[in-house]
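Given the sequences, and given the hints that come with them, work out the whole structure.
First to last, the sequence lines map onto chains V and A.
Going by numbering that gives the first Met the number 0, the first sequence opens with residue 0, and the numbers climb by one from there.
Going by numbering that gives the first Met the number 0, the second sequence opens with residue 0, and the numbers climb by one from there.
It is possible that part of the hints are untrue.
List time: in silico BS3-like cross-link candidates among lysine-lysine, alpha-carbon distance up to 30 Å [stated by the list, open to error]: (1) A:K41 to V:K158; (2) V:K321 to A:K15; (3) A:K41 to A:K15.
Computed far set for chain A versus chain V, every beta-carbon distance over 10 Å [claimed, not checked]: (4) Y43; (5) P140; (6) T153.
Treat the hints as calculated values from the structure; they're not laboratory data.
Computed from a predicted model, the values in this text were never measured in an experiment.
We put the beta carbon where it would ideally sit given N, CA and C, even for glycine.
Letter by letter, the chains look like this.
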Amino acid sequence: MSTATATPASSTAANDLGYKSFSAGKFKFVRDEYFAHIFCPGNRHIMQIDAFLRALMRDVGWGFFYGTVNFDNVFGTVNHYGTVEMFVGLFNDAYRQTKRYYVETFQSADLRKVFEAMLDDWTNEGFDPYAAPDETGLVYGRKHGNNTNALKRQRMVAKRMVGLPGDLGYRTDGDGYTVNRQFTDVPQDKPEIHAEPGFEGQVHAFNLFAYVSRSDVTWNPSVVSCVHDSQFCATTEEHALPIQHGNDRVEWFIQATDEIIWDVDDGKTGRPRAKVTMKAGDVAAMPADIRHKGYSPKRSMLIVWENNDDRLPQMYGKGELKPYPVEF
Amino acid sequence: MGSYHTVFGSLDHYEKGGVQVIDDDPKHYVFSNCFEVASKSKPYEKVAVGQNLKYVIEAIRAEGTSPWYSNAHDEAVLVMDGEVEVHLLQPDKPLVPEGKEGSVQLKGEPAGKKMGWVKARRGHMTLLPKGAAYQFRSAKPGVLLQQTIKGDFTIERWAEICQTEA
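This is the structure we're talking about:
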């Protein structure tokens, strides 16, 4: 294995199918009509191209997110908030036991540039990796067009609460945020706000469920309210989470509507630990030492509750904090 | 083809999921349901259903008129069921010392200037701004989730509300 910091290389000329290949350190990425091929010293790996791009979109869109983004049970990235590890087999028991795993460390900004370029080149016209499969076209075949605008969506982050003066705005028809086809029965009414003169903008409320019903992406939490480092991150979920998220801290889920079934595996080995079924009103923690993948048969609303304290990964990593949040 | 039906929960009707353990302790998932918790709570008890170090989410049964509260930091409250009024008041003097964490229950209505009020229904989120005093009023039983910091009035009854058996 290697842990040396590596510099991403530029992309190569397009292959016969029209796709460029990309390199980062000793990793090389090649796409064909159906698959993404990943090569690194001692290993090759293959993923279906739609699954690869959906995972890549989250990794890029979230800035490598909290902790580990497992594209599948072999390939992924670990965020160290400034640097990022890219790996094959690092959190796979068989790769670890046979010492087949491979890791390289990159400056986050450098690897992000490579990932963004790869995502843009490999995404064809009509395919939106943020959309549910039923809402988008296919990505197979020869290169045809692109969908750059869909890839450039910014993660939405409220500083205090959505809708406050100077903070993140509402989602409206006029801005292109129409109510999703699976949420047409979600009330769009507004809270009644009766502010006394001089307190306009301080007496504040908004319809969170209506706001979430207008999300045009899936599995992409956006911050809607904050209490210091406590962040409510609301998201719409449909079909399957395109990654297995490996926690570097405890996070919590509040199921606001419908149902999600979570597969919970051990963070380091991938060994199954639990299956968590969440229905409307359920609240559950995801411990700091697991990875999870969710399945939402119908589009549902989930509030992911994060603690944004940047000291936490190190504290959990050193064992200063227990991986589960409450003892009783 | 039928239209989609979004499933919400309520005090009157909720279904609870659960943890199917394969190789773990179900208590590690601290699994509960806010409607079930509120159905067994007294009005305006602030029962923690989530804790992330010092931060908590409290499930509150809104019924009748609550005490007045204040805080030294922003809080947010989300209506999960019912229709709840949130009355806000700017106190004449700070009611909670700077740095104090969690919501603080006050003795009676504080002196101050009315800021206004909000009528919120299911899915509506209301800001409880730093330094303000606030009171909830709900003609019928409802359920609130409050995003705040663990404080003197946070109630912890994890063993009663969470799944403990596989």
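P140 of chain A non-interfacial with respect to chain V [C-beta, more than 10 Å]: holds, 14 Å
Reported absence of Y43 of chain A from the contact zone with chain V (all CB gaps over 10 Å): holds, 19 Å
Distance restraint between K321 of chain V and K15 of chain A, which requires alpha-carbon spacing of 30 Å or less: holds, 27 Å
10 Å Cβ clearance of T153 of chain A from chain V: Per Cβ check, T153 of chain A is outside 10 Å of chain V; nearest 12 Å; holds.
Pair hint K41 of chain A and K158 of chain V, alpha-carbon separation not exceeding 30 Å: violated, 33 Å
Holds or violated: K41 of chain A to K15 of chain A, with C-alpha atoms at most 30 Å apart: Holds, at about 21 Å.
Hint 1 alone, counting from the list given before, is not met by this structure.
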